[in-house]
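**Q** With the sequences and hints as input, model every part of the structure.
Take a look at the letters that make up each chain.
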Amino acid sequence: MSAAPPQPPPPPRPGGPQPPPKPQVKAVNCPKCGAAIVLRSFGKAETVVCESCHSILDATDPNLKILQTFQSKVREDPPRIPLGKRGKLHGVDYEVIGFQRRSTLVDGTRYSWHEYVLFNPYKGFRYLTEYDGHWNDVGPCKMLPTLVPSVPPKATYLGETYKHFQTCTAETGFVLGEFPWQVRVGEKAEVTDLICPPRVLSSEQSGGEVTWSLGEYMNGRDVWAAFQMPGNPPPAVGVFENQPAPVHESVGGVWRAFALHTVLLLFLLVAFSVFILRDRQVFSADYILSAGPQKGEVSFVTDEFQLGGHTSNVEVSTRADVDNNWIYLNYALINQDTGQAWDFGREVSYYHGHDSDGSWSEGSRSDSVIVSSVPAGTYYLRIEPEFAANHPRIVYSVQVKRDVPVFGFYGLAFLALLFPAIALTWRRFNFERQRWAESDHPLVTTSSGSSEDDD
Amino acid sequence: MTQPVANCPNCGAKIVFQWSSSVQTVCTYCKSILVRTEVDLKRVGEVADLPSDSSPIQLNTEGIYGNKAFRAIGRILYEYEQGGWNEWHILMNDGTSAWLSDAQDEYAVSFAARIANLPPADHLQVGQQFTWNTQPYTVSVITEANYRGVEGELPFEFWDKTVVTFADLRTPSRKFATLDYSDDEPALYLGEFVEFEDLHLKNLRSFEGW
Chain A
22 MSAAPPQPPP PPRPGGPQPP PKPQVKAVNC PKCGAAIVLR SFGKAETVVC ESCHSILDAT
82 DPNLKILQTF QSKVREDPPR IPLGKRGKLH GVDYEVIGFQ RRSTLVDGTR YSWHEYVLFN
142 PYKGFRYLTE YDGHWNDVGP CKMLPTLVPS VPPKATYLGE TYKHFQTCTA ETGFVLGEFP
202 WQVRVGEKAE VTDLICPPRV LSSEQSGGEV TWSLGEYMNG RDVWAAFQMP GNPPPAVGVF
262 ENQPAPVHES VGGVWRAFAL HTVLLLFLLV AFSVFILRDR QVFSADYILS AGPQKGEVSF
322 VTDEFQLGGH TSNVEVSTRA DVDNNWIYLN YALINQDTGQ AWDFGREVSY YHGHDSDGSW
382 SEGSRSDSVI VSSVPAGTYY LRIEPEFAAN HPRIVYSVQV KRDVPVFGFY GLAFLALLFP
442 AIALTWRRFN FERQRWAESD HPLVTTSSGS SEDDD
Chain B
239 MTQPVANCPN CGAKIVFQWS SSVQTVCTYC KSILVRTEVD LKRVGEVADL PSDSSPIQLN
299 TEGIYGNKAF RAIGRILYEY EQGGWNEWHI LMNDGTSAWL SDAQDEYAVS FAARIANLPP
359 ADHLQVGQQF TWNTQPYTVS VITEANYRGV EGELPFEFWD KTVVTFADLR TPSRKFATLD
419 YSDDEPALYL GEFVEFEDLH LKNLRSFEGW
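Here the protein sequences come in this chain order: A and B.
Residue numbers for the first sequence follow the working numbering, so the first one is 22 and each next one is one higher.
Residue numbers for the second sequence follow the working numbering, so the first one is 239 and each next one is one higher.
Any given hint could turn out to be false.
Computed list of lysine-lysine pairs in DSS-like fashion (alpha-carbon distance at most 30 Å, straight line) [what the hints assert, rightly or not]:
# : chain 1 : residue 1 : chain 2 : residue 2
1 : A       : Lys163    : B       : Lys440
2 : A       : Lys209    : A       : Lys184
3 : B       : Lys440    : A       : Lys47
4 : A       : Lys43     : B       : Lys399
These are computed hints drawn from the structure, not numbers from a lab.
What you are looking at is a predicted structure, and each value in this text was computed from that prediction instead of being measured.
**A** Written out as structure tokens, the structure reads:
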């Protein structure tokens, strides 16, 4: 210490110690083909893949040691969103720094999807996945999902329950750019997806390590908007595992709405019947048709009666003591002031007897008809009876009521409520059937080769 | 908060301790590793150039955790086969010290826990469960990490390590635990994962193009 005098302290610098140099995007050259390679992750990537010769290089090695080479034509599978492109997700800018195609073999068919590695120097890595035009915005899980022992398995995460969709072996087939892990072509991992649309919880197991990630469904338009991509995204084909159902309301919600409206309807029905519609009888009279052939004009008019209130309906009821006989009444409801007439004919017939099967009867001794939209005013009925040639004495009564509740209307309203609920339920069922058809647990088992089966 | 001042025994530069309990610091000028003794500072080594890393945090980065402001005053840089991570030694404004770890931009805050009868490293297995402060923790991974460098003030001497064994323990919540086998006696840190934006960090590093 005494031999070499300590160096004088450097001049004081405002702001304390010198900050480390600003991390920079590195441009290096591929050790195999010499092509320029841009390192965009400021050293956070483990591996980087040369875009021109597809050598997989050790991104942590200053000399970019070659880890693997694979044969591929660049044109074979270019990423739809190019490396280096930036987009905004959750209000944060992310840059596409890596791309891989992975696939799985199911019943001899290879299904492949694409994964984009996104990077922000403060927020770290995120991923975008794309399969047949369906996108997912994926981030690492900050905590461990809780597995629920059930068949098929379930998991809970952040208070939501996820159902097992499928487990498959994913094989990496094509890679480009930077990855925060040791990526290799041909590498296999067991991938399990559990869904709670629009989210998907995925576990990936390779070696002894299990990593969990959480994805949320994104449609192509939103991805294109986030990354300001020109043109249109590839169209989405079919129903994806965690695609939200196209209708916003849940099926349960629609049925709850249906129940609520039905109660309202019943309430209206009761309210109208009890408080508003008086069901008032405005006319009633008894008539006698004496036995045998009639002479002269049989038609007659009734006394006048008042129909009050708003334009409303009128119920004309006929009751006749026919016994194995019939009577037919031609009615005309006539407005005394305007002469407007509503013509209608009603038959009252009642037959009964015994045969080998026992007693039988047909028809009824009473009949009623509703004439709708009748304005207020003074009215009378013109009645012209028709009858069999040899008829007994028939006593019949005619009754006119104003403002009768029309239950058929409520029935129609009920159906109008019921139909959309059933239609939605059916559509949702079909949607779920399509969703789960691709899973390890299809809702309906399809016979081999056929695509549509009823059960 | 006292700010004891001394001079670097190697280069004479002024050494200011931001935390009175700091045991070790690194001279920012000559990179000497200095350990506090009762009377002065002892130079115990020198930090090789820290490998270039890209933690957005740096010395003097400020933030907020649990309604308390903190400042990064030191760090340990580790490396393992899957990459590297930083343990930033942070000083809370109530005088306590804690750790803010940054592993590939995943952030967590933890505090040293005084708990007796910690499991020894050679008895530890993945999947084992422990209950500390009524919270069950499950061993998720046991890591052999390489010490790559230190910077700033630390609450203990830490400079001659090579390989260190860590065990990560997870819970179904954000809480986690780390068992640190750097020394003869295991040390336990209990903490939780945090979101970058919840830390309200200031004085971060800037990145070219961002």
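**Q** For which of the previously enumerated hints does the structure constitute a violation, in increasing order of number?
**A** none
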